[in-house]
Structures are given as structure tokens and as C-alpha cells.
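**Q** So the protein sequences, as listed, match chains A and B.
Residue numbers for the first sequence follow this note's numbering, so the first one is 1 and each next one is one higher.
Residue numbers for the second sequence follow this note's numbering, so the first one is 1001 and each next one is one higher.
Please note: incorrect hints may appear among the correct ones.
[As the list claims (entries may be wrong)] Distance condition first, Cα-Cα at most 25 Å in a straight line; then the derived SDA-like pairs of lysine to any residue:
no.: 1; chain 1: A; residue 1: K47; chain 2: A; residue 2: A33
no.: 2; chain 1: A; residue 1: K122; chain 2: A; residue 2: E44
no.: 3; chain 1: B; residue 1: K1188; chain 2: B; residue 2: L1173
no.: 4; chain 1: B; residue 1: K1253; chain 2: B; residue 2: K1089
no.: 5; chain 1: B; residue 1: K1253; chain 2: B; residue 2: F1230
no.: 6; chain 1: A; residue 1: K93; chain 2: A; residue 2: K122
no.: 7; chain 1: A; residue 1: K122; chain 2: A; residue 2: E92
no.: 8; chain 1: B; residue 1: K1253; chain 2: B; residue 2: T1294
no.: 9; chain 1: A; residue 1: K110; chain 2: B; residue 2: V1236
no.: 10; chain 1: A; residue 1: K122; chain 2: B; residue 2: L1325
no.: 11; chain 1: A; residue 1: K83; chain 2: B; residue 2: D1033
no.: 12; chain 1: A; residue 1: K94; chain 2: B; residue 2: F1232
no.: 13; chain 1: A; residue 1: K110; chain 2: B; residue 2: D1297
no.: 14; chain 1: B; residue 1: K1089; chain 2: B; residue 2: S1132
no.: 15; chain 1: A; residue 1: K69; chain 2: B; residue 2: N1293
no.: 16; chain 1: A; residue 1: K83; chain 2: B; residue 2: K1188
no.: 17; chain 1: A; residue 1: K83; chain 2: B; residue 2: T1239
no.: 18; chain 1: A; residue 1: K69; chain 2: B; residue 2: T1294
These are calculated hints, taken from the structure and not from any lab test.
The residues making up each chain are set out below.
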Amino acid sequence: MSKFYLPILIVVLAIVTGFVLYSVEKPKIAEIAENEASLIINYEETKRAFAGEVTDNMTILDAVRTSAKAGNFDFDYQEDVLKRIDEIEQNEKKWNAYLNGTEIQGSLDKVLIKAGDKIELKLE
Amino acid sequence: MNNKKTILIIFIAIIIFAGFGFGKEILADPDGDLTFSWSCTGGTLSDPNIAQPTFTAPMVDADTTYTCTLTVTDSYGFNATDSMDVLVKNLTPTLPTAVNLSVDPPNSNDYCGITGYPPVRLRWQFSDPGDSQSAYQIQLDTDSNFSNPRGCPLSTDTEVPTAGQAGPDYSCLAQNLSWNTTYYWRLKVWDSQDTPSTWIYPPSPPGSPTPPSLGTSFDTISHAWPNPNFTFDDRVYSTGEVITFTDDSHCYKPDGTWYRCGTDEYAVTSYLWNFGDGATSFDKSATTTHTYNTADDYTVNLSVTDDLGTCSRANSVQVGVGLPLPEWKEISPF
């Protein structure tokens, strides 16, 4: 094999390996287990998803908390308002929460979730 | 209260010696007529040469003992002498008074949390041996002649009952003064018999040009002390969760308006946050954050200092134990 193709082969292998590892570590949202719920953070062009087991009396705010730990971000929730996720503060746009497509009005720490629920936080 | 109560004091002790006993024995002497000779170390006798004179005690400032001696002589020149002590007590009701009049310097106990007026505390000690204070009256005025006085604690210039309050130390927190103003003050106290004192003035400092009768004036401060406050979402937090505290501390200007202390709009201020877990912060921002690593109830204390003083505000934050949340993982959103 020519020395010319060797670097190209290494790059291609690295990309393929990374894609495989990414696919293994991050299951797709459509593939979550039956006893799990999911949470999607959707702002501007960015979308992040989290999933995990649902325990008794777990609320939407609990899901945000455990997702924040998994995704290494912080958030600011005051007076029933999600004011900030990481550096993304609500300004002209607001952070709205949806549970299975229905917008949540009120406290995120009062709404219980169950397995199969889909939570979405959207800046809109 | 009867201000015109007569305080004319009578110090008279009338001692009648008829009860001496030996006088009657002498009167019974068979040797003829007897002569009597009385003398006392003080006071006056109505007639020192009769058997039963009247003794009038002198006025005394304190309890005093006098000795009276009687000498009886018969017609043969034989005589006998005896004496007795007479204790004269001062039963004068003394006028009540007050001492150690003073004005407290501004302090956090009185000045924190009060923003409508300078909360000046006036102190005194009631003085009347064996008696107690039943009421007081304080006059405060910007005029040393007290031409338009106001009272304490309120504006009404009247006496204030203090029955039931343990003495002799008393104080009054004036609630009607103006900022940045010079005041004169004087005090009158009443004892348990409703006897008033004269007006009592705080002492003039040595060398003061102020006439002693006017006492010492004091100046109120120019504006209220800081009023620290902060808010946060009142709920149970999880360990590791970022808690945002929003500063709502008010500092004041001489015109009575306020500003958020952290802006330093009028005076340079300093903040000290104590989060109760050993962590502190000097953050003067509109919001400050903190994260607790251990579940517990924490007391968050904020102290704010401006150009006049330091005040503090504490609130409790509950970081719940609860059941541990399940560990979630990040997944592909597609």
C-alpha cells in the first residue's frame, strides 16, 4: 500500500470507530427501555436527549435534575419558572416544558412522570 | 398624678417620758419635795425642770441617737441620775430622681430593620432609695428651651407608666425623630407614691460651653442602616443542584430613597454571604449561586455593610435527603 493512502485509511478508521462508539454509548431515543422516560432539551439548533429509569414519585423537575447530572449542565428554576439551562437564559424566548406533547402550566416539581413519558424543554 | 403634693416634711418625734417608771418611784419619795433636771444631747425640752417634759427632736438627714439624762434631787440633797437613748428617724419622703442619663450609640439591635426614623435609645437609672419608678416623661426638642417638645417613645408629650417594669435601669426608644438632626432631651420620673422629680438633664461633658441646665445634645444619623434581604425559590433542593439567591438588599440615602446595596449608588457597600456549610462569598451581584453537597437544612446569612453600619438577614434552605434519583444517561436525540 502506498504511503499516500495510509493517512487516509487511518482517518477513515478513526471516523468509523468514533461513529460505532457513539452509537453504542448513545442509544437512540426511539430505543429506550419500557421502564424508562426521556427528556429532550431543544433550543436554537441544538438538541440533547436523556433517558433513564423512572422511580416512584419522580417529577419532571427530578428528571431535569438527573439529566443535568448526566449531561453536566446546570439550570436555574425559580418560582415555578425555568429561567436558565446552562448559559441559555430565557429572555425574549422562554423555556417551556412539555409532557407527551402537552405544555406544562405550573410547577415542574408537582408533575409526576411515569415510564414511557416524553419530556421536552423548548426555548421558544 | 398630683404634682402639687405637699412635700413639707415633719421631722418631729415627740417623746414623752411618762413611761420611764422611775419618775413615779421618785415622786413617791417620803423625804419631801423633789426637783428634776433634764438634759438631752440634742433637740429641745419643753421644761427641763418638771417631771414630764416634752422632747422635740431636731430635723435630721439620717437616723440619729440622742441621749437624755434626768437627775432627781430630794430635800436632803440626795440625788439619783438615769439616762436613756432616743432614736430619731428621718421619715421624710425623698424626691425621686434619675442618674446616668445617656444616649446609646447606633447599634445593630436598635438600628437594623428600622428605616422610617432614627431609633435613638435614651437610658437612665431611677434613684430613690426604697422606692420604685411608676412613670416617666421625656421631652425631646431641637430647641434647647424645649418650646415645642415631643415625647418618647411617641410624639405625645406625656408621662409614660412603667409599673411592672423592673428597675432601676430604664430606656426608651424614640420613634419620632428626624434624620441628621440635633436634639436636646430631659427627663422627669415619678415614684410609687406619684411624687415627681424635677426635670433632669443629661450631664454636660467636662469643659462643655453648654450651660449645665441644658444638658448634652445628640445628633441623629443621616440615613437608615442597610436592610439586607434575598429571595430564592422556596422548595426542597437536591444535593448538587445550583441554588440561585436573588439579592433584594436595600440601602438608604439621606433623602429617604433606597437603592440595591450592591450597586453602591450612594455609599460603597460590602456583602458577606454565609451559606451555612462553611462556604462564604463576597458577591455583590444581583444574583449569586451556591450548591450543597450534603442533604441538610442550612441557614443562609447575608450581611451588608454600608457607610454607617452592618445588618444581617438569615433564611433557611432545605436540601432534601429523599430517595436518590435514578441515574439517567445522555442519548442520541435522533
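**Q** Hint by hint, say whether it matches the structure.
**A** Taking the hints in turn, this is what the structure says about them:
Proposed proximity of K47 of chain A and A33 of chain A is supported: the alpha carbons are some 21 Å apart, at most 25 Å. At roughly 9 Å between alpha-carbon atoms, K122 of chain A and E44 of chain A fall within 25 Å of each other, so this suggested pair holds. For a cut-off of 25 Å, the pair hint linking K1188 of chain B to L1173 of chain B stands: about 16 Å separates their Cα positions. Annotation: proposed proximity of K1253 of chain B to K1089 of chain B is violated, straight-line Cα distance about 62 Å (limit 25 Å).
A hinted pair counts as satisfied when its Cα atoms are at most 25 Å apart, and K1253 of chain B with F1230 of chain B qualifies at roughly 20 Å. Distance check on the hinted pair: K93 of chain A and K122 of chain A sit about 9 Å apart at the alpha-carbon level, within 25 Å; holds. For the proposed pair K122 of chain A and E92 of chain A, the alpha carbon gap of about 13 Å is at most 25 Å, so the pair holds. At roughly 41 Å between alpha-carbon atoms, K1253 of chain B and T1294 of chain B are farther apart than 25 Å, so this suggested pair is violated.
For the suggested pair K110 of chain A and V1236 of chain B, the alpha carbons sit about 12 Å apart, so the restraint of at most 25 Å is met. The suggested pairing of K122 of chain A with L1325 of chain B holds, with an alpha-carbon distance near 23 Å, which does not exceed 25 Å. A threshold of 25 Å between alpha carbons decides the hint, and for K83 of chain A with D1033 of chain B the separation of about 120 Å lies outside it, so the pair is violated. For the suggested pair K94 of chain A and F1232 of chain B, the alpha carbons sit about 20 Å apart, so the restraint of at most 25 Å is met.
With a C-alpha separation of about 21 Å, the suggested pair K110 of chain A and D1297 of chain B falls inside the 25 Å cut-off, and the hint holds. With a C-alpha separation of about 21 Å, the suggested pairing of K1089 of chain B with S1132 of chain B holds against the 25 Å cut-off. With a CA separation close to 13 Å, the supplied pair K69 of chain A and N1293 of chain B stays within the 25 Å bound. Between the alpha carbons of K83 of chain A and K1188 of chain B the distance comes to roughly 61 Å, so the proposed pair goes past 25 Å and is violated.
About 19 Å separates the Cα atoms of K83 of chain A and T1239 of chain B, which keeps this hinted pair within 25 Å; it holds. For the suggested pair K69 of chain A and T1294 of chain B, the alpha carbons sit about 16 Å apart, so the restraint of at most 25 Å is met.
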